[in-house]
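A.B. asks: Given the sequences, and given the hints that come with them, work out the whole structure.
One line per chain: the protein sequences are X and E, in this order. Sequential numbering of the first sequence, starting at 1, is according to the numbering used here. Sequential numbering of the second sequence, starting at 1, is according to the numbering used here.
Hints are computed from structural coordinates only; laboratory data are not their basis. Where hints are given, some of them may not hold.
Identical chains share a label here; the pair holds if one copy fits it or two copies do between them.
Stated by the list, open to error - Calculated cross-link-like contacts (lysine to aspartate or glutamate; reagent style DMTMM-like; alpha-carbon spacing at most 25 Å):
no. : residue 1 : residue 2
1   : 154       : 118
2   : 308       : 254
3   : 30        : 297
4   : 38        : 5
5   : 298       : 254
6   : 52        : 70
7   : 308       : 261
8   : 38        : 297
9   : 38        : 305
10  : 298       : 34
11  : 183       : 294
12  : 298       : 31
13  : 157       : 132
14  : 154       : 128
All values derive from a computational prediction rather than experimental measurement.
2 protein chains.
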Amino acid sequence: MYRPEVRLLDCTIRDGGLMNNWNFDKAMVKDVFDGLAKAGLDYVELGYRADKKLFSPDEYGPWRFCDEEDLREVAYPCDSKVSIMCDVGRTDYDTILPADESIVHLIRVATYVNDVEEALRLSRHCKEQGYEVSVNIMAVSHATEAELDACLEKLAKTDIDMVYFVDSFGFFNIDQVKYYCEKYVSRLPGKHFGVHTHNNQQLAFGNTIEALQKGASLADGTIYGIGRAAGNCPLELIMSYLQNPRFDVRPVLDLVQRYFESLKQELRWGYEVPYAITGLLNQHPRTAMALMKETDEKPYSAFYDELKQGDGA
Amino acid sequence: MYRPEVRLLDCTIRDGGLMNNWNFDKAMVKDVFDGLAKAGLDYVELGYRADKKLFSPDEYGPWRFCDEEDLREVAYPCDSKVSIMCDVGRTDYDTILPADESIVHLIRVATYVNDVEEALRLSRHCKEQGYEVSVNIMAVSHATEAELDACLEKLAKTDIDMVYFVDSFGFFNIDQVKYYCEKYVSRLPGKHFGVHTHNNQQLAFGNTIEALQKGASLADGTIYGIGRAAGNCPLELIMSYLQNPRFDVRPVLDLVQRYFESLKQELRWGYEVPYAITGLLNQHPRTAMALMKETDEKPYSAFYDELKQGDGA
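C.D. replies: See below:
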């Protein structure tokens with residue numbers, strides 16, 4: 001595919017941080033930013049800006065908070081713009097500096113459909129401070145159509161720059177992605193829409209391709225697919241699919257070899273059957289992550305039955 | 001998706017054998033067959049029937065040859081039919097017993113487009129002996145359209161039961177699979193067509209879904225995706241996608257846990273960047289497999305450049 005307007009966002013440090021409490025060391029993050037800048041990424045997301053009244057810096061690494069001085073140690077002004085993510089309900093508005101005092105360019109507000117009013121308030125604040133703003137609607141597979149439609153209708157009326165379709169649990173297959181993307185395109189005229197997938201059923205890249213075919217103009221990826229549980233869409237695969245000469249996949253390949261192959265041995269993201277089970281049953285991966293830490297061997301078939309049957313409600 | 005006519009073929013032992021010279025022990029293969037029979041598979045492919053004048057039983061395990069007595073030790077008559085694969089040019093016709101003296105039901109003839117005449121001769125022999133017969137056209141991504149069209153035209157005129165579309169190098173993406181499947185459907189009226197994918201770009205399952213959407217009525221999978229290099233489409237994922245109550249994924253989940261998680265540690269199939277590189281460049285994975293065995297660290301970017309530039313021809 002060649003659609004030159006498609007922009008790429010890397011969220012290696014932000015989503016990968018879910019696997020190590022954002023304890024990536026600064027020299028490594030600096031190399032990652034530099035490699036991604038050379039690869040021509042449009043945006044590099046370096047973490048969350050979490051409220052320190054809710055999360056302690058003693059428990060989490062710097063990329064949970066993305067203090068301005070930490071960002072400036074690893075990133076530099078270039079064509080690759082720095083992004084951070086703010087969770088609705090976990091953000092201290094006072095930590096959002098005016099954009100001209102910050103190295104951050106894009107703020108992505110992560111919300112569930114039912115928190116959209118608070119997401120709009122936070123987004124307005126970020127816009128007023130001068131940032132480009134995205135609203136990322138998480139866990140769409142747990143929302144009713146009516147809830148999602150109402151949420152999209154509200155977003156369509158704002159000056160928010162981008163809206164993301166997020167398959168939080170790695171549940172959707174290609175047919176379903178097609179359906180949702182057609183909805184996003186029709187309900188959000190004039191806005192960019194992006195796609196963020198998870199790999200529980202090994203569909204992160206396939207679903208990203210489908211979304212790009214159906215009109216998404218932004219795609220998220222992470223180096224070597226790092227991310228919570230089964231991980232995300234591998235950036236190196238989207239880059240080569242796009243066939244856009246302004247992207248150079250080679251710095252990303254070398255980052256995989258230098259850092260991420262050994263990190264994967266340590267942190268163990270990627271395809272595993274317990275993650276596939278939570279994915280196909282449209283559930284959060286936390287039960288799978290717990291199962292994989294247990295020492296007693298519960299049969300996977302029993303785990304599947306438990307999750308499928310739920311509590312009989 | 002629910003298309004009750006879709007049939008599933010497992011080729012765990014046949015394709016997985018490419019990673020260990022078919023040295024699976026009989027007790028394990030017996031358990032695999034039994035689990036797959038309980039899971040409701042339509043076909044279980046237990047290996048190749050290679051010519052012992054060309055391949056020595058001293059060098060290869062029993063599933064390279066699939067002697068009748070070995071098959072009968074691990075399989076039993078049931079609704080899951082035994083399949084074997086014969087490579088064009090590597091098959092001793094005299095080893096194809098009359099079907100009523102064999103536990104084998106389906107023979108799959110693997111061919112390149114240019115060997116189709118010999119594939120037709122072998123297929124006729126197998127049909128005459130009483131077998132169901134499939135022709136699997138390998139390496140379609142290396143054939144010209146004209147070659148493929150001529151091959152399909154010849155196959156359309158035969159009484160061969162099935163024809164498979166095979167993405168040998170894990171090169172195709174979803175758009176391309178759509179194109180080829182529409183071709184197979186239109187050029188092979190009245191025949192079943194099947195899909196066999198490889199996972200170099202993590203598209204094995206996504207491409208299988210696309211083929212099933214576009215009319216394939218047979219799909220191949222392997223347990224936990226075992227197969228050469230990046231491996232194949234994970235059977236457990238296709239099974240749950242099909243939503244057909246005659247399939248029960250649970251025995252497959254338990255086989256993963258019992259055998260295939262530890263086998264993967266040993267044999268190391270699955271997504272790796274060198275396999276992604278050969279896949280996206282439409283090349284055989286042998287160079288990637290060699291790279292991964294080397295001890296000196298050639299940068300992946302250099303490997304990519306070498307393969308991309310070829311010899312300048």
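A.B. asks: When no copy is specified for residue 298 and residue 34, does a C-alpha distance of 25 Å or less occur within a copy, between copies, both, or neither?
C.D. replies: between (44 Å within a copy, 21 Å between copies)
A.B. asks: Within a copy, between copies, both or neither: which one fits residue 308 and residue 261 at a CA-CA cutoff of 25 Å?
C.D. replies: between (34 Å within a copy, 23 Å between copies)
A.B. asks: Given a CA cutoff of 25 Å, do residue 154 and residue 118 count as a within-copy pair, a between-copy pair, both, or neither?
C.D. replies: For residue 154 and residue 118, the Cα distance is within 25 Å only inside one copy (12 Å; across copies 64 Å).
A.B. asks: Regarding residue 157 and residue 132, is the shortest C-alpha distance of 25 Å or less found within a copy, between copies, in both, or in neither?
C.D. replies: So residue 157 and residue 132 pass the 25 Å test inside one copy only (16 Å; across, 61 Å).
A.B. asks: Given identical chains, is residue 298 near residue 31, meaning Cα to Cα at most 25 Å, within a copy, between copies, both, or neither?
C.D. replies: between (41 Å within a copy, 19 Å between copies)
A.B. asks: 25 Å Cα cut-off: does residue 38 pair with residue 305 within a copy, between copies, both or neither?
C.D. replies: between (47 Å within a copy, 16 Å between copies)
A.B. asks: Is the C-alpha distance from residue 308 to residue 254 at most 25 Å within one copy, between copies, in both cases, or in neither?
C.D. replies: The answer is between: 16 Å across copies meets 25 Å, while 41 Å in one copy does not.
A.B. asks: Within a copy, between copies, both or neither: where do residue 38 and residue 5 come within 25 Å Cα-Cα?
C.D. replies: Result: close within a single copy only, 19 Å intra versus 50 Å inter.
A.B. asks: Treating 25 Å as the Cα threshold, decide for residue 183 and residue 294: within, between, both or neither.
C.D. replies: Neither: 41 Å inside a chain and 49 Å across chains, both beyond 25 Å.
A.B. asks: Please work out whether the CA atoms of residue 298 and residue 254 approach to 25 Å or closer within one copy, between two copies, in both situations, or in neither?
C.D. replies: between (39 Å within a copy, 10 Å between copies)
A.B. asks: Classify it for me, residue 38 with residue 297: is the Cα-Cα distance of at most 25 Å met within a copy, between copies, both or neither?
C.D. replies: between (45 Å within a copy, 22 Å between copies)
A.B. asks: Quick one: residue 30 to residue 297, C-alpha cut-off 25 Å, is that within a copy, between copies, both, or neither?
C.D. replies: between (41 Å within a copy, 22 Å between copies)
Taken one by one, the earlier hints fail for this structure only at number 11.
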